[in-house]
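Asks: Build out the structure end to end from the sequences listed, making use of the hints.
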Amino acid sequence: MIIEKALKILKQPVCDNCLGRQFSQLLSGFTNAERGRAIRMVVAMAADAGDASIDASSVPGFKLRNKPSVSECPECSVCFGIFNELGKYAKKAAAQAKKTEFSTFLVGTRPSSELAAAEDALWERVGIDHCEPLKAEINREVGKLIEKQIGKKFSAKQPDVVFLIDLTAKAVGMEINPFFIYGEYQKLKRGIPQTRWPSGKYKTSVEQITAKPFMRATGGSGHKFHGAGREDIDARCLAWRPFVLEILDPKKRDIDAAALAKKVGAGVKIRNARLSDIAEVRKLKEARLDKTYRALVKCSAPVSRKDLAKLSALKQIGQQTPRRVLHRRSDLMRRRSVKGIKAKYINAKSFELTVKGESGLYIKELISGDEGRTTPSVSAILGVQCVCKELDVIEVHVK
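If you're matching positions, the sequence shown starts at 76 in my numbering and goes up one per residue.
Each computed SDA-like pair below joins lysine to any residue, with the alpha-carbon atoms no more than 25 Å apart:
1. LYS417 x LYS464
2. LYS210 x ALA244
3. LYS344 x ARG363
4. LYS338 x GLY304
5. LYS86 x GLU189
6. LYS419 x ARG369
7. LYS464 x ILE308
8. LYS83 x SER103
9. LYS264 x LEU313
10. LYS167 x ALA244
11. LYS173 x GLY297
12. LYS264 x LYS344
13. LYS373 x ASP309
14. LYS232 x ALA332
15. LYS232 x TYR257
16. LYS326 x GLU355
17. LYS174 x LEU239
18. LYS83 x SER188
19. LYS299 x ASP324
20. LYS223 x THR175
21. LYS326 x PRO288
22. LYS245 x PRO186
23. LYS419 x ARG265
24. LYS173 x GLU321
25. LYS287 x GLY275
26. LYS344 x VAL471
27. LYS431 x ASP365
28. LYS385 x VAL413
29. LYS228 x ASP352
30. LYS232 x SER296
31. LYS174 x LYS232
32. LYS163 x LYS173
33. LYS210 x SER230
34. LYS299 x ARG328
35. LYS439 x VAL459
36. LYS80 x ALA108
37. LYS337 x TYR257
38. LYS276 x ALA303
39. LYS264 x LEU364
40. LYS166 x ILE251
FYI, nobody ran anything at the bench for these hints, they're computed from the structure. Treat the numbers as computed from the prediction; the structure is a model and nothing was measured.
Replies: Right, dumping it as structure tokens:
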């Protein structure tokens, strides 16, 4: 079966790489060129033993007893000699890498239309059992050459950079993958959004304040902020909220995240800063974390300490999407739980409310009722209109 398939392949000029690649899934520990050379040798032996169906031109470089030998290899009909050019592409990649700090890399190849057509034609003739694509072999073999030239590791899992070989343009480009830093922040000032506003309504944000020292250290071109939820702009976050900062196109990666975190200022503090990855971003975005809030509540009419005791009845809440966020969220009814509530009397028209709520519970609307869109509410239970004047996140319950 192997020899029969090889003979079909060898009806046209094919190099050792392209011959061996059709059997790449058979026997590990060999390059495709080694597989191809071994198969060609067996075919040459069959030709030398007198198999009249084998043309000597399909086994160049072998001295045959009973047939005229062919010493010169014709150009491969599948790759057109591309494997003789891989060293040039590796050098171009190495030149691209000089100004960027990284440890791991990956190679990607965009074949020309001629190469793709030639490979498809071969597969139509002989099938695709046990083979691998041409670009997979090019990626691997160029990767080996780059490793030798620059001393970095070829890695298919979360590489720092990706070298892109364009075989039509005969060029090599380089994409720098993002750099991720995990941390936990406190926002100690009100009036600061978590992420930057494109409109410029707010001059700064937790994202921009946090990113500043990391951008300087890495030489990145931009940044993204991935938080485990977000507090309102006018709320403080006195708890430590987990986040991952994503730096785009970083030129340097060897940084001291903990030391840089100490340089973050202007109302934001960072702790537990360390290197992270995209997997942690996904985990963070999927997490549903309960939070505990402290709110200063003002009432439209007097309430007593006895009245405040009634708030323990707040357990299961129905919240229609708050009016203040309808412009960016679907108008849906959501069920949320109040997992703990405590009211501290200040005076007849003011009290401090501490609430532990399920992820997604809107505290301001829990207090005001949002014109009946949140039920039950603090206002409904007390029978007076209540509003949240100040709000702080005092604990993020990380599981």
